[in-house]
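Got chain A; can you put chain B on it based on the hints?
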Amino acid sequence: MFKILKKRTLSEQVKLMVIDAPLIAKKAEAGQFIILRVNEKGERIPLTIADYDRSAGTVTIIFQEVGKTTMLLGTLNEGDSLADVVGPLGNASHFDSNIKKAAVIGGGLGSAIAYPQAKKLHAMGVDVTSIVGFRNKELIILEDEIRAVSKKLIVTTDDGSNGNKGFVTDALKQEIESGEKFDLVIAIGPLIMMKFVSKLTKEYGIKTMISMNPVMIDGTGMCGVCRVTVAGKTKFACIDGPDFDGHEVDFDEAMRRQTMYKKHEEESCNLFKGVR
Amino acid sequence: MAQRNMDSKKTAMPEQDAKKRAANFEEVALGYTEDMAKNEAMRCLQCKNQPCVAGCPVNVQIPDFIKLIGEGKYVEAYDKIRETNGLPAVCGRVCPQETQCEERCVRGIKGEPVGIGRLERFCSDYAIAKGAKPTECASATGKKAAVIGSGPAGLTCAADLAKAGVDVTVFEAFHIPGGVLVYGIPEFRLPKALVQKEIDALKAMGVKIETDMVMGRVLTIDELKEMGYDTIFIGTGAGLPSFMHIPGENYNGVYSANEFLTRINLMKGYKFPEYDTPVRRHKNLAVIGGGNVAMDSARCAKRLGADNVYIVYRRSEAEMPARNEEIEHAKEEGIVFSFLVSPTAILGNSDGYVTGMTLQKMELGEPDSSGRRRPVPIEGSEYDIELDAVVVAIGQSPNPLLRKATPGLKAQSWGGIIADEQTGATSIEGVYAGGDAVSGAATVILAMGAGKTAAKAMLEYMDKK
Chain A
0 MFKILKKRTL
10 SEQVKLMVID
20 APLIAKKAEA
30 GQFIILRVNE
40 KGERIPLTIA
50 DYDRSAGTVT
60 IIFQEVGKTT
70 MLLGTLNEGD
80 SLADVVGPLG
90 NASHFDSNIK
100 KAAVIGGGLG
110 SAIAYPQAKK
120 LHAMGVDVTS
130 IVGFRNKELI
140 ILEDEIRAVS
150 KKLIVTTDDG
160 SNGNKGFVTD
170 ALKQEIESGE
180 KFDLVIAIGP
190 LIMMKFVSKL
200 TKEYGIKTMI
210 SMNPVMIDGT
220 GMCGVCRVTV
230 AGKTKFACID
240 GPDFDGHEVD
250 FDEAMRRQTM
260 YKKHEEESCN
270 LFKGVR
Chain B
0 MAQRNMDSKK
10 TAMPEQDAKK
20 RAANFEEVAL
30 GYTEDMAKNE
40 AMRCLQCKNQ
50 PCVAGCPVNV
60 QIPDFIKLIG
70 EGKYVEAYDK
80 IRETNGLPAV
90 CGRVCPQETQ
100 CEERCVRGIK
110 GEPVGIGRLE
120 RFCSDYAIAK
130 GAKPTECASA
140 TGKKAAVIGS
150 GPAGLTCAAD
160 LAKAGVDVTV
170 FEAFHIPGGV
180 LVYGIPEFRL
190 PKALVQKEID
200 ALKAMGVKIE
210 TDMVMGRVLT
220 IDELKEMGYD
230 TIFIGTGAGL
240 PSFMHIPGEN
250 YNGVYSANEF
260 LTRINLMKGY
270 KFPEYDTPVR
280 RHKNLAVIGG
290 GNVAMDSARC
300 AKRLGADNVY
310 IVYRRSEAEM
320 PARNEEIEHA
330 KEEGIVFSFL
340 VSPTAILGNS
350 DGYVTGMTLQ
360 KMELGEPDSS
370 GRRRPVPIEG
380 SEYDIELDAV
390 VVAIGQSPNP
400 LLRKATPGLK
410 AQSWGGIIAD
420 EQTGATSIEG
430 VYAGGDAVSG
440 AATVILAMGA
450 GKTAAKAMLE
460 YMDKK
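Chains A and B, in that order, give the protein sequences.
Numbering that gives the first Met the number 0 numbers the first residue of the first sequence as 0 and each following residue consecutively.
Numbering that gives the first Met the number 0 numbers the first residue of the second sequence as 0 and each following residue consecutively.
The set of hints was computed from the structure by calculation and includes no laboratory data.
The model shown is predicted, which means the values in this text are computed figures rather than measured ones.
One or more hints might be untrue.
Stated by the list, open to error - Straight-line distance between alpha carbons at most 30 Å, and here's what the computed BS3-like set of lysine-lysine pairs gives:
(1) B:Lys162 x B:Lys72
(2) B:Lys132 x B:Lys202
(3) A:Lys180 x A:Lys136
(4) B:Lys18 x B:Lys191
(5) A:Lys26 x B:Lys37
(6) B:Lys196 x A:Lys2
(7) B:Lys202 x A:Lys40
(8) B:Lys202 x A:Lys118
(9) B:Lys463 x A:Lys40
(10) A:Lys25 x B:Lys19
(11) B:Lys18 x A:Lys2
(12) A:Lys232 x B:Lys360
(13) A:Lys26 x A:Lys5
(14) A:Lys272 x B:Lys267
(15) A:Lys26 x B:Lys224
(16) B:Lys207 x B:Lys191
(17) B:Lys360 x B:Lys143
(18) B:Lys224 x A:Lys262
(19) B:Lys72 x B:Lys143
(20) A:Lys25 x B:Lys207
(21) B:Lys37 x A:Lys2
(22) A:Lys40 x B:Lys270
(23) A:Lys201 x A:Lys119
Claimed, not checked - Computed Cβ-Cβ distance ranges for the label pairs, DEER-style:
(24) B:Pro376 x A:Asn97: 16 to 26 Å
(25) B:Leu29 x A:Arg7: 36 to 46 Å
(26) A:Asp95 x B:Thr140: 30 to 40 Å
(27) B:Ser368 x A:Arg7: 33 to 43 Å
(28) B:Asn348 x A:Lys232: 20 to 30 Å
(29) A:Leu270 x B:Gly333: 27 to 37 Å
(30) B:Asn23 x A:Thr74: 41 to 51 Å
(31) A:Lys262 x B:Leu29: 31 to 41 Å
(32) B:Thr32 x A:Lys5: 10 to 20 Å
From the three backbone atoms N, C-alpha and C, an ideal C-beta is built for every residue, glycine too.
Bound conformation, chain A alone:
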């Protein structure tokens, strides 16, 4: 059993949990993920490792309550345990040592996933510009943490409620147009956001890494449900990714694949809300 040692509410629907998982903590690297199951009848869901502490033997996850499993997970408290935590899975993000300046883009919950990347780049001495976007100011998360590892931080909101209306793509374009020379752009968030960031950076010829988060079951290459087309070839996000070159990913296909279990997810969600 994997005990929840700490729980923090970051915004109304976004929660952070520190989980006791010493073996995983020992091996975890930025960019990798875990798969968890809440209970015996639960599904297996992949969540990015948001942080880890090797000496304390813990891994941190940040999740948004969007489906039954994440809602159920959100009801657990410190001291409760998860049935299963498996990892670390996927490949660690790899950054070239010659990167001098990078833009790290996070959309919504993606900001939490982009944070360890920004942290790693910052630790490598890279000049990091972080651009994170949310629907409104109530949903802003990890602002202080991201600021601490960034030379520059831009926070946008769709509705302008934080005083900076716009999308992350607008802010990134503005940075590039104003003469910032990024060696690398990292974009993590909804597929539609990663698609448009990649489209933008392709125009400017800036290398862009994105992180896929598709449906998975085993996370070890066994089922192939996480198929994604990259440069015309089928890849498995779990063992070939989760990071891919944003200019090569077929985002439209990925978005279509994401709809596969929409009805089931709604049914599960409604049942869960009904019985709660």
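Below, chain B without anything else, positioned relative to chain A:
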């Protein structure tokens, strides 16, 4: 002793009615009664040269256990099988007897062979229901072994090591042990409660099982050695699904057989929403392939309520690698077989969902390297069928995860770990391998045989060390 039974046919196996069972996940074959088992046991000629035993990859003493059944000594019969086979209740159900023990049965020359599998199943179920006594183990040797993977190869290896007094830990990537026995083979062919009983029996022998451990990621082979494991067995199976690489394979509704079966069997998707993992209930589904995995996928789809389920196979029925019983059962359940056709494209709509498949007719040419006649496409014979799902069941190759994380572990170009046939020894000292991870996708019993072979060599290795 009763009179020898010279009936040319096997004693019939009671089964759930085909119509009824095609709508549930309960076991298809119901098992012999005591009378049926005795009756079938009396068909055995008790041949001196025992050709059947030579056909068994783990050398089950077949005439001996059958004789015991004939004498009504069912638990003793079970114990006799257990001397060489740790999973008799499983093997009685899923072994391809017709190409192994039963193929060599003398009774098969002028009629049907003795129902060896059915008898194995009968005495196992009888003994398990009676609460079979745990296998006795030798006193502790102080040696430690790690077994990676809890499928048939790993479980067999673990059992043989534990019997010899070794402290064994089995590491499993999934949340439940059993490997293909729990994620692949469906409930209606192999009840999961039964697999659990086999696992429990192993635990009663002192074997420790650690789930949620993706080896190569969470721990490496070197780390296992540092942790004090004297020897390591790799039985990680053939977990990497093959796809056809034809257009449309990423449409929604195209599954690898691994995904389809895992959703249903391991995750209990057929019980959604009681269980959280969903599985879509398709109307018209085609399974590509002709092995047991293809049969299992098709029959699962039928049970989920599909109107039409097709098996699409590029050779003819004679070349199908599936067990005869599975093919027969699938036909009885209304699965439609299309032979000598091969898909060239999967068709879909603008939302990305499967709408059909283009098939090309084939004819049989000269035998290929597998000895089966090679299917040759007939130009211009393409036609489309309407579908909303396709399951690709054309095979699996060994999972590369552990191999990639283990420098020095030599493998074939297609991914199989290179292991000595006589011992299972790999290119790393003290590390052995067997089952599908070495051979590529094969059968439960061959994997068990490999686990057994390796266990013997591992014991010798530890003795010398």
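A quick look at each hint next to the structure:
About 24 Å separates the Cα atoms of Lys162 of chain B and Lys72 of chain B, which keeps this hinted pair within 30 Å; it holds. About 13 Å separates the Cα atoms of Lys132 of chain B and Lys202 of chain B, which keeps this hinted pair within 30 Å; it holds. Between the alpha carbons of Lys180 of chain A and Lys136 of chain A the distance comes to roughly 29 Å, so the proposed pair stays at or under 30 Å and holds. Our distance criterion of 30 Å between C-alpha atoms is met by Lys18 of chain B and Lys191 of chain B, whose separation comes to about 23 Å.
For the hint pairing Lys26 of chain A with Lys37 of chain B, the CA-to-CA distance comes to about 57 Å; that exceeds 30 Å, so the pair is violated. Simply put, Lys196 of chain B and Lys2 of chain A have alpha-carbon atoms about 28 Å apart, close enough for the 30 Å limit, and the pair holds. Of the supplied pair hints, the one linking Lys202 of chain B and Lys40 of chain A holds, its CA atoms being roughly 23 Å apart against a limit of 30 Å. For a cut-off of 30 Å, the pair hint linking Lys202 of chain B to Lys118 of chain A is broken: about 45 Å separates their Cα positions.
Simply put, Lys463 of chain B and Lys40 of chain A have alpha-carbon atoms about 47 Å apart, too far for the 30 Å limit, and the pair is violated. Taking the CA atoms of Lys25 of chain A and Lys19 of chain B, the gap is near 52 Å; set against the 30 Å cutoff, the hint is violated. Annotation: proposed proximity of Lys18 of chain B to Lys2 of chain A is violated, straight-line Cα distance about 47 Å (limit 30 Å). Simply put, Lys232 of chain A and Lys360 of chain B have alpha-carbon atoms about 27 Å apart, close enough for the 30 Å limit, and the pair holds.
Distance check on the hinted pair: Lys26 of chain A and Lys5 of chain A sit about 21 Å apart at the alpha-carbon level, within 30 Å; holds. The straight-line distance between the Cα atoms of Lys272 of chain A and Lys267 of chain B is roughly 22 Å, inside the 30 Å bound, and the hint therefore holds. A C-alpha spacing of about 17 Å is found between Lys26 of chain A and Lys224 of chain B, which places the hinted pair at or below 30 Å, so the restraint holds. With a C-alpha separation of about 20 Å, the suggested pairing of Lys207 of chain B with Lys191 of chain B holds against the 30 Å cut-off.
Pair hint Lys360 of chain B plus Lys143 of chain B does not hold up; C-alpha atoms about 55 Å apart against a cutoff of 30 Å. With a CA separation close to 48 Å, the supplied pair Lys224 of chain B and Lys262 of chain A exceeds the 30 Å bound. Pair hint Lys72 of chain B plus Lys143 of chain B does not hold up; C-alpha atoms about 36 Å apart against a cutoff of 30 Å. A threshold of 30 Å between alpha carbons decides the hint, and for Lys25 of chain A with Lys207 of chain B the separation of about 22 Å falls inside it, so the pair holds.
For the hint pairing Lys37 of chain B with Lys2 of chain A, the CA-to-CA distance comes to about 54 Å; that exceeds 30 Å, so the pair is violated. This hinted pair checks out: Lys40 of chain A and Lys270 of chain B have alpha carbons roughly 10 Å apart, not beyond 30 Å. With a C-alpha separation of about 24 Å, the suggested pairing of Lys201 of chain A with Lys119 of chain A holds against the 30 Å cut-off. In this structure the supplied range 16 to 26 Å is violated for Pro376 of chain B paired with Asn97 of chain A, their Cβ-Cβ distance being about 51 Å.
In this structure the supplied range 36 to 46 Å is violated for Leu29 of chain B paired with Arg7 of chain A, their Cβ-Cβ distance being about 55 Å. Under the hint 30 to 40 Å, the C-beta atoms of Asp95 of chain A and Thr140 of chain B, about 51 Å apart, miss the expected range. At roughly 60 Å, the beta-carbon separation of Ser368 of chain B and Arg7 of chain A lies outside the given 33 to 43 Å, and the hint is violated. For Asn348 of chain B and Lys232 of chain A, the hinted distance range of 20 to 30 Å is satisfied, since their beta carbons lie about 23 Å from each other.
At roughly 32 Å, the beta-carbon separation of Leu270 of chain A and Gly333 of chain B lies within the given 27 to 37 Å, and the hint holds. At about 34 Å, the beta-carbon gap between Asn23 of chain B and Thr74 of chain A misses the expected band of 41 to 51 Å. At roughly 36 Å, the beta-carbon separation of Lys262 of chain A and Leu29 of chain B lies within the given 31 to 41 Å, and the hint holds. In this structure, Thr32 of chain B and Lys5 of chain A break the distance hint of 10 to 20 Å, their C-beta atoms being roughly 59 Å apart.
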